[in-house]
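Take 1 as the starting number for the sequence shown in full-length UniProt numbering and just add one per residue.
Keep in mind that the hints were calculated from the coordinates and are not lab data. Quick caveat, the model's predicted, so the values are computed rather than measured. Be aware that a few hints might be false.
As the list claims (entries may be wrong) - Straight-line C-alpha distance at most 25 angstroms; calculated DSS-like pairs for lysine-lysine:
| id | residue 1 | residue 2 |
| --- | --- | --- |
| 1 | Lys91 | Lys51 |
| 2 | Lys33 | Lys118 |
| 3 | Lys38 | Lys118 |
| 4 | Lys181 | Lys137 |
| 5 | Lys118 | Lys40 |
| 6 | Lys118 | Lys91 |
| 7 | Lys40 | Lys137 |
| 8 | Lys118 | Lys137 |
Unchecked claim - Here are the in silico distance ranges between beta carbons for each label pair:
| id | residue 1 | residue 2 | range |
| --- | --- | --- | --- |
| 9 | Pro174 | Gly98 | 31 to 41 angstroms |
| 10 | Asp12 | Ser128 | 37 to 47 angstroms |
| 11 | Asp12 | Gln124 | 21 to 31 angstroms |
| 12 | Thr41 | Gln16 | 36 to 46 angstroms |
| 13 | Asn43 | Ser74 | 22 to 32 angstroms |
| 14 | Gly125 | Asn167 | 31 to 41 angstroms |
| 15 | Pro138 | Gly168 | 35 to 45 angstroms |
| 16 | Ser128 | Gly168 | 16 to 26 angstroms |
Virtual Cβ for every residue (Gly too), placed ideally from N, Cα, C.
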Amino acid sequence: MNNESLKTLLDDHIGQIFATPDQIEVMASAVAKQISEKNKTTNPLLIGVMKGAAQWTIAVSQRLSIPSDLDFVSVTSYSGEQQSEPVMLQKPTISFTGRHIVLLDEIIDTGNTLSFLKRWLLAQGARSVEIAVMADKPMTRVTPVQIDYLGLTVPNVWLVGFGMDLNGAYRNLPAIAEYVKNPVLKQ
């Protein structure tokens, strides 16, 4: 699916497309290959950050060539378009004491959520925590976070699609695209 055919499926609020479905598949495969090569003997526990990272987590996990376990956490750090302090809504259900964890998130902005989760997981007994992010906005970073596996780097725009949303909308788009607040200003 090319950018023009994607745009016909979308509305006026969709701007630049940063990754098509085919490009996302390539990114997920590349990240899965890196995770598999680095963790051949660890049987990592993959933990996706709900809801946004569900699609990314599944896409990566399906492409791993090593055994792994899968779980999710739920953390909120947004209210509409405003970012706030991370709050844990759902903890992992699989015991992770002494385990190597690969934490997957769809996007890293300020770094607050992933920093919070990594500290929390280590404090609760995880042996180690690596981070796999689909999209990185390095110019918005407030808290330093080491990204171990990365899909793509994006500019400071609001992204939607492949799990990313605006108040629940656009999460199901098959691509990663810019959300344009005022489409009449889009040129």
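- Task: Return holds or violated for the Cβ distance of aspartate 12 and glutamine 124 against the range 21 to 31 angstroms.
- Result: 45 angstroms, violated
- At the C-beta level, are asparagine 43 and serine 74 separated by a distance inside 22 to 32 angstroms? Distance hint for asparagine 43, serine 74 holds at roughly 24 angstroms.
- Query: Would the pair lysine 118 and lysine 91 pass a check requiring their Cα atoms to be no farther apart than 25 angstroms?
  - Reply: Status holds; Cα separation ~13 angstroms.
- Message: Within 37 to 47 angstroms: is that where the Cβ-Cβ distance between aspartate 12 and serine 128 falls?
- Response: At roughly 45 angstroms between Cβ atoms, serine 128 and aspartate 12 fall inside 37 to 47 angstroms, so the hint holds.
- Using the C-beta atoms of threonine 41 and glutamine 16, is the stated range 36 to 46 angstroms upheld? This hint holds: roughly 41 angstroms between Cβ atoms.
- Starting from the range 35 to 45 angstroms, see whether the pair proline 138 and glycine 168 falls in it by beta-carbon distance. Given range 35 to 45 angstroms: violated, Cβ gap about 27 angstroms.
- Message: Need the status of pair lysine 91, lysine 51: alpha-carbon distance at most 25 angstroms?
- Response: 13 angstroms, holds
- Within 31 to 41 angstroms or not, the Cβ separation of glycine 125 and asparagine 167? 35 angstroms, holds
- Query: Quick one, are lysine 33 and lysine 118 close enough, alpha carbons at most 25 angstroms?
  - Reply: Roughly 22 angstroms separates the two Cα atoms, so the pair holds.
- Query: Does the alpha-carbon distance linking lysine 181 and lysine 137 stay inside the 25 angstroms limit?
  - Reply: This hinted pair holds, its Cα atoms lying about 19 angstroms apart.
- Query: Cβ-Cβ distance between proline 174 and glycine 98: within 31 to 41 angstroms?
  - Reply: 38 angstroms, holds
- Quick one, are lysine 118 and lysine 40 close enough, alpha carbons at most 25 angstroms? Distance of about 22 angstroms is within 25 angstroms: holds.
Hints 7, 11, 15, 16, counting from the list given before, are not met by this structure.
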